[in-house]
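K.L.:
If you want the building blocks of each chain, they are given just below.
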Amino acid sequence: MGLLHWIALIFAGGFAAPFLHRRLGDRTGFLLAVLPFGAFVHFCTLVPAVAAGGSLRWEFPWAPSLGISLSFFVDGLSLLFLLVISLVGTFIVLYAAGYLHGKTTLGRFYLALLLFMGSMLGLVASDNIILLFIFWELTSISSFLLIGYYHEQESSRASALQALLVTGAGGLAMLAGLILLGNAAGTYEISRMLAMPAGTISALPGFLPIFILVLLGAFTKSAQFPFHFWLPNAMAAPAPVSAFLHSATMVKAGVFLLARLHPAFGDYALWTPVVGSVGAVTMLTGVFLAMHQSDLKRILAYTTLAVLGTLTMLLGIGTELAIKACMTYLLAHALYKAALFMTSGTIDHETGTRDVAVLSGLGSKMPFTATAALIGALSMAGIPLLIGFVSKEYFYKALLDAPGPGVLWEVIGVGASVLMGALAIVTGIRPFFGRFRETPKHAHEGPWTMWIGPIILGAAALKFGIFPGWVGTHLIGPAAGSILGEPAFEANLKLWHGFNTALFLSILTVVLAVGVYLIAPRWRSASQPLYKGLASVGPESAYGRILDGILVVARWQTGILQNGKLRNYVLTVGGFLVLLVIWVLPKNPVVLDFDRMIPPSILGVTVCVLMIIAAVATCFVQSRFTAILTLGVVGLGVAVLFFLFSAPDLAMTQILVETLTVVLFVLAFYRLPLLREFSSRAVKIRDALLAAGFGLVMTMLVLIAFHFETIATPISEYMSANSLPMANGRNVVNVILVDFRALDTLGEITVLAIAALGVFAMLKLRPNKP
Amino acid sequence: MNTLILNTTCRVIMGLLLVFSVFLLLRGHNLPGGGFSGGLVAASSFSLFALGYGVEAARRLLRIHPCTLIGIGLVVALVSAVVAPVWDLPFFTGLWDKNPLPVVGKLGTPLLFDTGVYIVVLGVVLQLVFSFSEEEPEKN
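If you're matching them up, the sequences are chains A and B in order.
Be aware that the first sequence starts at 172, since it is given in my numbering, and climbs by one per residue.
Be aware that the second sequence starts at 2, since it is given in my numbering, and climbs by one per residue.
If you are wondering where the hints come from, they were derived from the structure by calculation, not from laboratory data.
These numbers come from a predicted model, not from an experiment.
A couple of the hints might just be wrong.
Stated by the list, open to error - Straight-line C-alpha distance at most 25 Å; calculated SDA-like pairs for lysine to any residue:
1) A/Lys736 <-> A/Ala786
2) B/Lys99 <-> A/Arg901
3) A/Lys935 <-> B/Arg61
4) A/Lys935 <-> B/Glu57
5) B/Lys107 <-> A/Asn899
6) B/Lys99 <-> A/Pro896
7) B/Lys99 <-> A/Asn899
8) A/Lys935 <-> B/Ser132
9) B/Lys99 <-> A/Leu914
10) A/Lys736 <-> B/Ser132
11) A/Lys935 <-> B/Leu62
12) B/Lys107 <-> A/Arg901
13) A/Lys935 <-> B/Leu75
14) A/Lys935 <-> B/Ile65
15) B/Lys107 <-> A/Asp820
16) B/Lys107 <-> A/Leu821
17) B/Lys99 <-> A/Met890
18) A/Lys935 <-> B/Leu63
19) A/Lys736 <-> A/Lys935
20) A/Lys935 <-> B/Ala58
21) B/Lys107 <-> A/Leu914
22) B/Lys99 <-> B/Val77
23) A/Lys736 <-> B/Ser134
24) A/Lys568 <-> A/His645
25) B/Lys107 <-> A/Met890
Given only the sequences and the hints, what does the whole structure look like? Please build it.
P.N.:
Right, here's the structure in full:
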């Protein structure tokens, strides 16, 4: 079984989950955890080949005419993500079995979770940028469902919607950017873009809009400033979701995209200033805001923001050291943050509170959770023997080595790390030590499913921290190599670098972190005014205002255009069409080509005269029923005309539609009151003018279309000629409907279906139905 | 509306119309007809029955809820589209059985697609007719 089979299996498992849950109940998780774990094992077997500088590629044509193919590409960068997603995913599936134990909607939860996992795996393995976008949007939608899992809570729904709107808007911008990029580069395949000589892509004409649009996508997804606010609000989700989406995976999709495009975009003049500074601002915003939280989960959310900022900043700096540091940091963060989110969820689940001011002395009550959280916190703080230490060393080295505002990088880097260290103490150490305090629920250890994941992730952090060599050559090196465009890049990760500036800074960081932790309450009260002031002008309030504004505009235009009166709709649509056609008319002269027209027959003229009489009569009759009948005459006249011009299919359909329309009209009119109010004279004149204009415009359109036949070969000739040989049918109309233009027909019947459902909803589901 | 003449004739006509609708569907690829007109004819036959015997009776005769029919039709149409990709051909490529069957004629994915259209049209029209005629007139 290959990579794609595993991804497909995970999707399939998702769709099977609700059914499995009905049969197996809470045990579903054990079965489903096999899928990501199997995928993880499979990805491990790919490591040697990729570490040797190789890459894998699969391609299946999908819509070749649009340059869209199902093409997948796995190199060092993808593989690192694949491994992290599948490993953390395995533990999340297990964890959810404990955390959401007994919930009847667990099956639905697994559906969304596995959909998300599959999309995320697909995203990082995509080669085609349109395919990448599709997976990108799938992660947005599935995360919307996951964040809003507690959908009975208003705040939960609002948070889910906020995340969807922010990332969805960014996704749309990104789609525009990717299409521009694909057109400008001449290929939609990332691997081909990366194979171009350095500097080709960023020197393309019109690269600036591509750059801005793609970055908007990456920044919204990875919650970069000023789009960061959705991430902490997404903490309304259950703990397993936060641990998966908001630590290891989804929010890193933006970082992944930046890393993926780095070889093509990285040499652009604006790359380092924009990406680097946005990352730096996000990092500082994250740690600053985290200091003001007391909810365990929100603290973790804000530190995640800070890490996302750090990763983005390192990608922005873009030197060899920075890329290496970025990948190490990413791996370290995925290991400790997923573990800490899970342990915080366990604390919440088993004690009933997440308030750090209340939690104390839980260590003896929940020993496994405490161990895992402690390892996670030490890694987060960058204490030696854990991978967090290694990543922080490289982070400092990269900053020391970074071009640009030299010492400023250092100051903000160390500053952020100090606060991060203090927050690590708050989230992973303090709740477990000290005197035990009574909690809302009787505190006890969670089931094994809830601590096995954090423990194993902690063990991995410890193993990679003590022996960073293997992970350096097999995971970090290839990943950094893909970003740098050098597949054979060597990343010699070492625990010990001798006494140097980075080590000195690390020691300083730890000392300062403990200091900050001790003065944290005073710090908070001192900076409270600043925090409050920023909150009132921050991007989140702007989001609220924009949302309100959109609603106001929507209500206003709905009131004008969609006021529920059919005659106004007809008026608007008809009037707008007339204006549009009149606008383009000067470019398309109307030619009266009498020679090519079929001479009028007596029957044809008679039918037309009858239709005109019936149409005029419709306007003057006094009852609805007569109006239906006279309109029916017009419709049947059209059918006769179709017959005369040898279009039996159209004629037949027209007659059938006429018949059924009359039936529907009768049924609908049955319950309308009698016509009492008739239009005023002015309204009648307006309507008459519009109707005349509409008729005139349609006539002109027909004449123009008729004239075009003399300039270009009409498509109908191709259809008639190929109907039998290519599509096996002699009825061209039908062949067009079911073969040549089958996709259109599929769209049309879907519209029909939606219209029918709309009628059903309007008539049957009215809330005030008697 | 409960009249002897309508009730008697509508049974006969309904059967004829239904047969005719299938006939239209099957011949559509070569001669005038097709899923859309076939579906409309089938829908009018049920509408006629509803006029004669009432909507409840028509619903019972149909057995399936029109909304379900719409769903089935869409799925059938979609299935006909994804047959080709199984053999590495583009989405919606028409595949035909070379040997025509007696009465039915040649079978192929476009015919299946047309059948989907037939079912959707039948479902949509009946949904409209049934919903409109079931609603009690509002007494002001």
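K.L.:
Now tell me if each hint is right for this structure.
P.N.:
A quick look at each hint next to the structure:
1. A C-alpha spacing of about 22 Å is found between lysine 736 of chain A and alanine 786 of chain A, which places the hinted pair at or below 25 Å, so the restraint holds.
2. Straight-line distance between C-alpha atoms of lysine 99 of chain B and arginine 901 of chain A comes to about 16 Å, which keeps the hinted pair within the 25 Å bound.
3. With a CA separation close to 19 Å, the supplied pair lysine 935 of chain A and arginine 61 of chain B stays within the 25 Å bound.
4. At most 25 Å may separate the alpha-carbon atoms for a hinted pair to count; lysine 935 of chain A and glutamate 57 of chain B meet this at roughly 16 Å.
5. For the hint pairing lysine 107 of chain B with asparagine 899 of chain A, the CA-to-CA distance comes to about 9 Å; that is within 25 Å, so the pair holds.
6. For the given pair, lysine 99 of chain B sits about 13 Å from proline 896 of chain A by alpha-carbon distance, which is consistent with the 25 Å threshold.
7. Taking the CA atoms of lysine 99 of chain B and asparagine 899 of chain A, the gap is about 10 Å. The hint holds against a cut of 25 Å.
8. With a C-alpha separation of about 8 Å, the suggested pair lysine 935 of chain A and serine 132 of chain B falls inside the 25 Å cut-off, and the hint holds.
9. Pair hint lysine 99 of chain B plus leucine 914 of chain A holds up; C-alpha atoms about 24 Å apart against a cutoff of 25 Å.
10. About 20 Å separates the Cα atoms of lysine 736 of chain A and serine 132 of chain B, which keeps this hinted pair within 25 Å; it holds.
11. For the given pair, lysine 935 of chain A sits about 21 Å from leucine 62 of chain B by alpha-carbon distance, which is consistent with the 25 Å threshold.
12. Distance hint between lysine 107 of chain B and arginine 901 of chain A is fulfilled; the C-alpha atoms sit about 13 Å from each other, no more than 25 Å.
13. The hinted pair formed by lysine 935 of chain A and leucine 75 of chain B meets the criterion: a straight-line CA distance of about 23 Å does not exceed 25 Å.
14. For the hint linking lysine 935 of chain A to isoleucine 65 of chain B, the alpha-carbon distance of about 18 Å falls within 25 Å, and the restraint holds.
15. At most 25 Å may separate the alpha-carbon atoms for a hinted pair to count; lysine 107 of chain B and aspartate 820 of chain A meet this at roughly 20 Å.
16. Restraint check: the Cα-Cα separation between lysine 107 of chain B and leucine 821 of chain A comes to about 24 Å, which is no more than 25 Å; the hinted pair holds.
17. For the hint linking lysine 99 of chain B to methionine 890 of chain A, the alpha-carbon distance of about 22 Å falls within 25 Å, and the restraint holds.
18. Distance check on the hinted pair: lysine 935 of chain A and leucine 63 of chain B sit about 20 Å apart at the alpha-carbon level, within 25 Å; holds.
19. With a C-alpha separation of about 20 Å, the suggested pairing of lysine 736 of chain A with lysine 935 of chain A holds against the 25 Å cut-off.
20. At most 25 Å may separate the alpha-carbon atoms for a hinted pair to count; lysine 935 of chain A and alanine 58 of chain B meet this at roughly 19 Å.
21. As the CA atoms of lysine 107 of chain B and leucine 914 of chain A are separated by approximately 22 Å, the hinted pair is consistent with the 25 Å bound.
22. As the CA atoms of lysine 99 of chain B and valine 77 of chain B are separated by approximately 22 Å, the hinted pair is consistent with the 25 Å bound.
23. Note on lysine 736 of chain A and serine 134 of chain B: the hinted pairing holds, with a Cα-Cα distance of about 22 Å set against a maximum of 25 Å.
24. A hinted pair counts as satisfied when its Cα atoms are at most 25 Å apart, and lysine 568 of chain A with histidine 645 of chain A qualifies at roughly 21 Å.
25. Taking the CA atoms of lysine 107 of chain B and methionine 890 of chain A, the gap is near 21 Å; set against the 25 Å cutoff, the hint holds.
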